[in-house]
Structures are given as structure tokens and as C-alpha cells.
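Visitor: Residue numbers (numbering that gives the first Met the number 0), protein chains in the order written: chain A, 0 to 387; chain B, 0 to 387; chain C, 0 to 387; chain D, 0 to 387.
All the pointers check out, no bait thrown in.
The list that follows gives simulated cross-link-like pairs (lysine-lysine, DSS-like), each with its CA atoms no further than 30 Å apart: (1) B:379 x A:379; (2) B:314 x C:186; (3) A:7 x D:7; (4) C:379 x D:379; (5) A:7 x D:48; (6) B:186 x C:7; (7) A:186 x D:7; (8) A:48 x D:314; (9) B:7 x C:48; (10) C:314 x B:48; (11) B:79 x C:7; (12) B:7 x C:186; (13) D:186 x A:7.
Derived CB-CB ranges, DEER-like: (14) C:297 x A:7: 36 to 44 Å; (15) D:251 x A:294: 45 to 53 Å; (16) B:251 x D:311: 33 to 41 Å; (17) A:294 x B:308: 35 to 43 Å.
In case anyone wonders, no lab produced these hints; they're calculated from the structure.
Glycine residues also receive a C-beta, built at the ideal position from the N, C-alpha and C atoms.
Protein chains: 4
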Amino acid sequence: MTDTPPRKLRYAMVGGGRDAFIGAVHRKAMALDGQIELVAGALSSSPGKARASGRDLGLADDRNHGDWQALLADELKRPKGERIDFVSIVTPNHVHFPVAQAFAEAGFHVVCDKPLVHTREQADALVATVAKKGTVFGVTYNYTGYPMVRQAREMVRSGLIGEVRKVVVEYNQGWLASHVEGSGGNKQADWRTDPARSGAAGAIGDIGSHAENLVATVTGLRVESLCADLGALVPGRMLDDDGSLLLRFEGGARGVLIASQINTGLENDLRLRVSGTLGTLEWHQEQPSRLVHLPHDGPLQVLTRGAPWLCESAKRASRLPAGHPEGFIEAFANVYAGVAADIRARLEGRTADPLAADYPRVEDGARGVRFIERTVASAKSELKWTPW
Amino acid sequence: MTDTPPRKLRYAMVGGGRDAFIGAVHRKAMALDGQIELVAGALSSSPGKARASGRDLGLADDRNHGDWQALLADELKRPKGERIDFVSIVTPNHVHFPVAQAFAEAGFHVVCDKPLVHTREQADALVATVAKKGTVFGVTYNYTGYPMVRQAREMVRSGLIGEVRKVVVEYNQGWLASHVEGSGGNKQADWRTDPARSGAAGAIGDIGSHAENLVATVTGLRVESLCADLGALVPGRMLDDDGSLLLRFEGGARGVLIASQINTGLENDLRLRVSGTLGTLEWHQEQPSRLVHLPHDGPLQVLTRGAPWLCESAKRASRLPAGHPEGFIEAFANVYAGVAADIRARLEGRTADPLAADYPRVEDGARGVRFIERTVASAKSELKWTPW
Amino acid sequence: MTDTPPRKLRYAMVGGGRDAFIGAVHRKAMALDGQIELVAGALSSSPGKARASGRDLGLADDRNHGDWQALLADELKRPKGERIDFVSIVTPNHVHFPVAQAFAEAGFHVVCDKPLVHTREQADALVATVAKKGTVFGVTYNYTGYPMVRQAREMVRSGLIGEVRKVVVEYNQGWLASHVEGSGGNKQADWRTDPARSGAAGAIGDIGSHAENLVATVTGLRVESLCADLGALVPGRMLDDDGSLLLRFEGGARGVLIASQINTGLENDLRLRVSGTLGTLEWHQEQPSRLVHLPHDGPLQVLTRGAPWLCESAKRASRLPAGHPEGFIEAFANVYAGVAADIRARLEGRTADPLAADYPRVEDGARGVRFIERTVASAKSELKWTPW
Amino acid sequence: MTDTPPRKLRYAMVGGGRDAFIGAVHRKAMALDGQIELVAGALSSSPGKARASGRDLGLADDRNHGDWQALLADELKRPKGERIDFVSIVTPNHVHFPVAQAFAEAGFHVVCDKPLVHTREQADALVATVAKKGTVFGVTYNYTGYPMVRQAREMVRSGLIGEVRKVVVEYNQGWLASHVEGSGGNKQADWRTDPARSGAAGAIGDIGSHAENLVATVTGLRVESLCADLGALVPGRMLDDDGSLLLRFEGGARGVLIASQINTGLENDLRLRVSGTLGTLEWHQEQPSRLVHLPHDGPLQVLTRGAPWLCESAKRASRLPAGHPEGFIEAFANVYAGVAADIRARLEGRTADPLAADYPRVEDGARGVRFIERTVASAKSELKWTPW
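Chain A on its own, in the form it takes in the complex:
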């Protein structure tokens, strides 16, 4: 450990003002470790609310902007030593693309919420921009920040459960089980069920994309073709609130993906089961510190966060000893820690340690957009299999 510790990274936030839910989570995640600080923002699409939100958060007046264009212009005018290190985009989905594209094009590092953008073309454009600029671009698929998801990834990738044959992933919630949108009382419900702001998909876009990313992260499998049934089961809903997919992966593994927001009583029931020739892994987001390993030839094991026998990647993602629960915010913080490690490496002119710079990237976001697009296409098709 050195006596001259690295300075805190500085960020600006776009979106996440008063009444928003996820922006505050991002801020808490970044605050947790005392390594990242908020210095600027354009916290709402409404200029008045944007500035009021910025004042709540203690932003200096000259860095508290009414819209993201002003934020970007201002940052570009500032000297390097004062400028933000990255921007965090936590707006509703339809705003992701213009903001992300503009900041990336201007050479800023970016963190953007998921699903990344609305269309495959936007995704491709963003990937191209990031490649051209060589910047850092993280996507907050926050569930992959859980230590035991990283442990699962290590166990699958290293061959511990053999060749993967079957994957079942579910993401079930109940909060959209009745027609809560449009009443003005539920901002989340309003925009998430509105195609103009949410995109072509509802539940599949919001939570199905997390499920897709979880499978891809843990298994590395690539979808070859899929068969989707999407439904808007609550009368009057404009986007799907329930989806089920059959998956075929390259190499022959099969899968099922379920994403539903009409499962009354369920909270945030994201769960994954991966069966290989040598064993099965099970993980459940609501008990994130446990990873169940069922070997074909021995007793069930429960690996827990904080244990000395976990892989290095899981260990690094953990802050507390075993038995001291960590949760959602820590997982989120791990995604940001990965981004921060990558940015710091660039600031210091070195290549980041891959174990440290462990975060979902723009390509993961683009694959997620592709997944949504292919799912919607399949749902409309009379043929069983829609190729990837």
C-alpha cells in the first residue's frame, strides 16, 4: 500500500433526479467505497427538477445543469484536471442512446443503464464509437456484480460442472400484476410500460435482458436460435409483461428463459440453474451470497460469499466476512469498481488488471439489445425457431 493514495474519480450523472428510483442506487453504490464522487449532473429531463435535484445532492451551481447537452458542453470547456472522469446515464431507456453516443463521441468514459438502447442500429453505432475512441463503456448489468455470480462463472468456465447441457433462468416479479400505469402514482410503471420510452419490449427488455446477460456471463454460451411467447396479460397493457423462451445454444445446450412481471407476490426472483455433465449450479438473487453446487458424484454443496476457497474474482467482489450479508448495492458497486479500475489504469497509462476491470461492456449491452430484438421477432413469428 502506498502513502499517496489515488484521488477519487469524479463523475456526472444524467437522470436520477427527485422521484427517480435507480439513480439513487447508482449514487449509493458509487459512494460506498469512498473512491468515486459526484461532481456534476443533469439529473432530470425537466430543467427545473434537474437543478433542484442537483442542489439536493450538493452539486456546485456551475456544475448543476438543466439538460445533458449543457452538461456536456460545460465539461468540454473545463481543464482536464477538473473534468469528470466519466458520466453515468440513468435515464429512462429512450434517452440512453443520444446521451451515450454524444459523451462517447466526445471522448468521455461512460456508464449506462440497461437495456442499452432501443435498436440494433443504435447499438452498433455505439459499439463503433467506443471502439473508435478507445474509451471505457460499462453497462450496469448489476446482477453480475454479485460475488457468487462471479464464482459461478469461474466454476462453469473452468469446466467444474463439465459441458453445459441445460440452462434455466427465471426473472419473476409481481409489481406489474395489475394495471398500475397511467395513474401518475407510479413513475416506474408509467415509462416501463410505454413503448416510446421503454422500447419494443416490456418485461423482456427490463428484466429479461438481465436474465440473458446472467446466462451469457456465467456460461459464455451463445444463443443459436430462440422461440418466444410474449404476452401482455394485464388488460390494456401496451408492452409484454410476461415472456417465456425456449433457447438453443451453439454446441447443443438447451435453455429456458422466463421473465414475468405479473407473478403476484414475487419480489425480485431472479434465479439461474446451469446443468453440466458433471454437476449443476443454482443461484438465486434473493439469497445472493449462496451458490449451490450439486455435483453428479457427491453431496450438494453451498458455497457462501466470504469463504477462503472461493475464486479470486469472487473474493475481490466481497467487502465483509462471511455471514455478514452484502446485497444489491454492493453488487452494483462492484460493477462501478470494475469501471473505475479500467479508468484508473488508463489515467495511469497501463492496461487494467482483468480481475479488477471486471464489468459488462458495450458489447454486452449490444448483445442484450439483439436479444430483445430477436425475442420480439420470434414472438411475432409462426415458425418455432428464430435464428439469432
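Position chains B, C and D relative to chain A; hints supplied.
Guide: Relative to the frame of chain A, chains B, C and D by itself:
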């Protein structure tokens, strides 16, 4: 309670000799309550083994037969007061039809294991025979004998969880995760993976049929169309060992059914989740005495077997106080108790109490055969939806 | 396997008539495997009810007695080939001693419910009689019949968890949380809270004795001294309904034993935790097929009934494959199977296989009586430690 | 919400430098909500390490002190608008008293880790000082910061489970199951097993005190007398590593408290069961978002953090929607949030909202010291009951 208790019912068993697994379970289930006794049998397709098995079980020589034809002929010759009350058929699947049809045609009550028969035509013939003869015909979909499955049925049918929107049923096992058949060491694996004896389907026939029946029993929903992906994922296997289906039910509910025998490390993981507009129910066979109820508007509840607030049907299916675990054999015994109640009612010239005569019937078995047939058809189809 | 299978063992039951709870459980347990049959009885202390109960169960009139003395006299008159092989005593506690002593003295094998008798003197007398006669005497500490309890015993005894340091056993129920006795509506509550019929202890005698036996069975540890706090927490109750003990074992291990019947909402919450220098074991009766092993140096393991890696003793105590729940009746049946194996060995003039003749004996019952006596003495003492 | 948000509170930390465990947790907890900032410190008893640690954390040189005396002197010299709002003391136990006393005496608000001090006399002195100065003094019994502990408190205090009859609290860990102290490799183990630094008790002081506080917080019961067995079960250990207590509460309830650090394989197993005449509550720290309620007359309920039907106190202690796991740090942060609310109220010249200023106080800390003292006295006594 009367001072002249009813005599024990007498049964013959076809199949279930030495080395067989499920026959012994049927016998234990029937022995449990001391109300049913084994008096005759043709316990194997091999006459020598049949008779040796009968001697193991204490059968009298003149009722211990080398084949089922001899058993049937002998029973028909006996006076009514000595004759069996019913036959229990626990052979491999391909033998079900001729035996069941012959005994039913001869006017005997029958209990037959599932899947009932190989083809829709056989199923229709059997339904017709039973209807013509007016006899009792039970099918041992044993999982519906669990008290908490009956509680779930009552809660769904009475509207407690509102209109059903989504059903997810899984039946996962790991015992066929490697190529164990054909070695001679695993009789179960041998016949269950052999199309000649098992029928057109493997996992879908063996355990998928239980899953289908569980959904039908609990929800009463009727499948409108289905979309299946079946795979023989273990190299060299002749029948499917992994299947996943999307389901659409009449009335608009959606469903997913998974049946897989290659989930390494999983034991007998049958689980059901039914989400309605007012709440969700979850049941897991490996913890059969618990039924989780997640109301939309209140805390999660866990109903347990033996509690005074359960429905009458669940109470009747229970033998011990709460907290004293009951299991698979008791559930099996409940199916037989239902059959026995129906037979006793006929012996006494009355209509059975529906709460007592609660068991899966030949029509349930026929619907299960239909399910297998439609699933296999869908798996071969390039179209997404195969109508029921 | 031989072609001349052993005949069924014959038993008489004392107690267990109409309205009794536990007698029916014993009968189901004995019926389960088809190896033991009821042939005689004196099923109630009321002669009329005794005979009516016998008729319910199909007893022949000449073996259906109004009191146990008549049963004993009749059995002694019968030729050996017709006589019972053993008697099963399932009366309230205060009747255990005279019946057990009389049958044992007459040379009969005996199975008796727990707690064995009321006083240490009675227990010593019974042990002496059994030793003198050389007969089989089983005590239905049924929880030790669970396969995973036997697995725990093997793991502790073989040193897998090292030297035992701490034992925590709890047995919590809620059924006596209000003053249900004396109303006539709850026969169990009536006699179990009545010192004349239940003995010097209530909860400690009824369920504390199971807890003591579970610890002794699994660990083999001997109590050196104990410190008890017993309370009758429900106003008006005549015996303890809640007890907690500190235990010191020979060799230095420490323990806590809790037995309480006023834990509202709890069902039959018997649980054991044994910590040794190398690992900890946890078992919970309400999920009896799971044994949790927490090694000091590796991930938590859950061993499940039916797995091929269990010890021989656990395997023999199992009837179904893993994942097919077994329960209370099977555990009970295992105690009887152990007794039966011992009786059969004697019938055949050989020493029983210890793995087969695995059941709690009269000495275990006597130690249980000692435990109750010492606990009651400690509860009255002002000194902390009461020696064993 | 106002447009002029309150400024962040400023704090200094004493202890918690490089290599310390709990100091970092305190800092993360305070950072989480962006309302409290570290501005000064004396982060180690070693001046060099103190200053290096302060630099790691970005402290300005003039507020980064080599010892706490210098910190205190410096703060007293600063103008009010720059001075710290409170000090957070996270040193080993033996340092708590002088630091806390000095800062309290100087009129500073204080947060101090538990157990508060070594002796009853110290505790009384501290209580007197705080009373005299009228300052805020929080003790980080962090487990009471969990939302579901607050929900349990509300349910017990409001009479929902009736009159409390039995309390069982356990706090089990395994990290001291071998003789890890003295090797230099485990700083925690070193000081916690050293009487000079840890105090008169080991496990009872470190974790038993949490258990005592949990019971007192949830139930409000007062211990009348207790009976303790303490052991140093690891050879060579100087303080207890395993303790078990029988408790009698004023009013007649009984209890058991277990605190052990030699339970191999257990992580941080703090669990509470409270049985009243109408129901039982169970809470387990390793699944902190669940509170199990077992009513005497209805099905088991699982209340989960984030649900709309929780009490106001539980709701305020929650940051994320249900199903998005919160953990240890959030609970810790809630204690600090309570302290902060009280300090802010004083800054604004008003009485704090009791729902906001919800945190363990100096009197709770003093009661914890009393508990340790009485427990140690009981452990040495030959009499069963040691009065409080």
C-alpha cells in the same frame, strides 16, 4: 364408528416382482393403513421370477401365477366372496394396455401406473371399456395424493388466487445424466430409455406426464396449444431425456413445462408455481408438506400439512399431526385410499363421497397420453404452436 | 434371496385403541414393510373399548382381550407356533412398567414407548429382568430411526467432525401453549399434563427425553452434570411445559438442551447441532432427509437420504430413492425393523447383524428415566450443577 | 422537500486504520447515503500508521492526527462551523472509555462501538457525563439497525404475539475454533482473546453482548437473574470462547442465550426466537430481510423487508424495494442515520422525531456492560441464579 368394520379389500398385482422398484412402493402404500391386502399376483413377465416373487410376498400357491392371463382366468373361476376386488398393474408401460383392457373388460376394478398406455387409440379404447363396464379405474399419478397438492387445488379452484395467468411446472432429475442404460445394471434405465417398452417419449412420458397431471389437477386449465423442444442430450440415447414446453391454455393463461432427467445432482425436483391475479402458489415435491402462498396484498404464508385451517380434502389426506413428516408413500396411499373408497361404495351399493373417492381416473390417464402424443408431434414440427 | 421367505412376525398390542394417537402410528409403521402382523391385543384400559378397538382392527375374538393380564395369560397357554413374537406397549406412561415387566418376566420380547417408566427403581428392575431373560426389549425413540440421524451418528462416531465440543438440541412444540387439558377434548393433553399418568415431568419427559436420546445416540457423550430450569408457564398447569438445561459432558464438551411445548406456532421442531473441532453437523426433524455438514475447512454440504455415499446404516434405513420423501412412519418402522431383525436372529439361533438389529434398547430407556429424574432434581436445587 | 438541503454532517474517526476491520465498515455505512463525511481522524494507536491511514482516506494533513488527544485538542481550537459534528470510536475495547469520556466531557457527540467499556464503573461514569452534557451518544449495536429487527420490536411491543414467555437467542461463529491468536496473522483474534484489550469476557463480550442487546431491543424484557456456563474450549485460550446462559426475566418469561465462537463452519449465526401467548417470531441475521411470524391460530407468515404492510420504523430503515437484498452495511448505516437525525435536530434546535432518532444509546451500552459483568460473576458462582 361401527362395531363391524369393513373387511380389507383384496387385490392382485401384475408386475412388481423381484428387482422392480415401483411395485414395492405400491405394496407399502396399500399396506400402510391396514385396509387392503395382497392375495394374488402375476409379478413378472418371466413365469419363474413371477412365482418366486409371489412366494417372497407370502402368496398362496394357487394364487401365485406365472402370467397375467393365468391370473385373470383363475380369478374369473373363483366365487365372488373370494375374488380380488381390484388389480394393480405396475409393469413397464408397454404391458399396461393389454392387461388393463383385459381386466377392465372382464369387469374388474383396475389401478394402473402412468403413463397409462402408448397411444391415443389405446387410451380411447380403455376409456370406452371402463365407461361401458362402469368399473373403477385409478391411475397412480401419485403426486396428486399429497395433502398440500389437494390444498393447492382447493385454493385455485375456489378462486383464492384469482384468475390464473401463469403456470410454471418443472420436473428435474439427474439419474439419466450419463448413459447408464444397456449395461444391465439399471433395469429402470433400461426400459425407460427403450421406445419399445417406454413408448414414444422418455423424460416427457415418465415425468413430464406427472407434471402435466399436476397442472391439470391443481388448476383445471386445459391446454389449447403447445410448443415443445425435446432432446436426447446424452449421446446414444434413443428417447428424449430433456424437454421444455411453452403452453397456452384455454382462457389465455400461459405456461412453461420442463421435464429433464439430465440435471446432474437433482433428485426428484418436481415443483409447481401458479400465479393468479390475486396471488401465487408454490409447491415443491421435495418438501411436500409446505405450500407457499404469496398473496398480492399481504405477507407470504406457508401452509403446512396437519394444520386445522386446511381444506377438508387436505385434512383427509393426512395421517399425522403437523410437524411429523409424511412422504411419498403416504401420497401414494392416498391415491389407493381414494380408489378403495370408490370400490367400497360400489360394494355397498351407494355413490361414493367425492371427498373420499378422490383419485386420478382413466380419463386423466388418457389426457396424459394425449399430452405425450401432442408433445412429440410438436417437437417434430417447424411451426411454433401445435394445437391440443 | 431365498425361495422360502421368512414368515411374518406376530405381535400383540397393549393400548392404542380408539381415540389413541400413537398406537395407530405404531401399527402403520409395523404394517409398512409387510413383515409384521397384528394378531392379538388388549387395546385399552377400558375392556369394552379394548374389544371394540380390536374388532376394528380385525382381531380374532379369542385374541381380542379386555385387559393386558388376560392377553398375557392367553398367550402363555398357546402353542409356540401360534404365540406372539413380541408385545408392543403403547399405553400412557404409568402403565408401561407393570405391562413391560410382566411380559418380560414371562419371557416375551417387548417393544415399549418412551419415557420407559416413572422411576429409576422401575427402570433398574426392568433392565435386570431383560438381562435375566435374555430377551429383546426395544424402546421407540423413533427419531433415531431416521436415516440421516444414523448418518450423523456414523459421522460423529468415526471422528469426521473431530472431538465434540458443543451440542445444542432443541425440541419445541406449541400444542400446549394454552390450557387445553381437563376439558375432555384433548386426551393427549389430559394425560400428558397429569403427574399421575405422565410421571414427574411434563415436557421434559415427553419430548426432552427424545432430545436426550438423540444426543446420546448421535454423539455417545455421557452427561456429567446438568443445570435445569423447568417452568409450568401456562397458568394452572401441573407439570413443566418448558425446560432449558445446561449440560456438561464427560471429557469437557458443553451442551444446551431445550424442550418446550408452549412455543406457539411451532410444530414438531426437534433439531440438533453438534460442533466438533473439525466441523459441525445440523439436523432438523421437520426436514429429516437432510443432514447439514459444515466442515471447518470447506464449503457447507447437505447430505440427503438415498445418496450412494451415505454410510451403510443410513442406507439400510431408507426405502426410496433420494428425493422421494420419507417421513416419521418410516423412521418408526426402522426401529421396529431393528427389533424384528433381532427377534428373527434369535428365532434362527444366531446372533443378529448389528447393522440390522439397530434399535434403542432397555438401557437407553433406563438412561432416559435417569435423565428425567436428574433434571427434576436439578430444577429444585439452588446449586448450579447437579451431578448425573 | 426543500431546495436548501441540509449540509453533510462531519465526523472524525478514532481507530479504524490500515489492517483494522470494523472501521472500514463504519466508514462505508456513513458514506452510503451521502449525508455524512469524514473530515478528521486519529486512525491508529500508532502515530505513523494513523497518519498513513488518514492519507489513504484523503484526510487533510491538518486534520490527520497521530493520536486522539491531538485530534480532540485540534477540534476544540477550530471554529464551530468547521468543527466535527461527532466522533466515531472504533478502537479495540480497552480504548473506548478514555476516548469516549474525553470527547463527551468536551461536549462532542459520540458514536462508540460495543461493548461500550470494561467495567460497570466506567459505564456509569459515561452515562453520567452524557447526561450532564446533554449530548448524543450512540452505540453501534448494529444488528438492531436491520429493518426486520425493528419490525419484530414493533410486533412484540404492540402485543401482536401476546405476553412473551420464552426467548431463545443464539450467536454462533466458528472463526475462533482453533488457536489462531498470538501468531500475528489475525489482528482481530489477537486482541479479542486478550483480557487486557478485550475485557473480562471473550465471546460473551464480543457477540454475547449483541445477543443481549437484540433481546432487550426487541422484547423490552429485563433480566431478573441469570445462570451462566462459560468455557475456554480451545486449549490455551485466555478468555471464554463459548457461553450458554439460562435467563429469567422480570414478569416470569424464561430465556436461553448462547454465544459461541468455536462452532466450526458457522459464519455469523445470530438468531432470535421469541414466543408469546399468541405467536412466535423468528429472525436470523444471515437472512436479515425475512421475519417469520408463527401465529398460534393461523399459517406461518414470512414478512419481508420492503413490503408496504410493515411498520413505519421498518420502512424508514429500508432503502430498496423488496427482493433487492440489503445487508449488514445498511443496518449499520441505519444506526448512524439515527444518530445523525438526533444531531441534526439539535443543530436545528428541535426535538428529534423518535422514529428518526432510532439508535442504541449510552444506557444500552451500559446495560450491556452490566450483562457481561453479571455473566462472568455467574460463571464463577456455584449457585444457580445470579441476580441482575
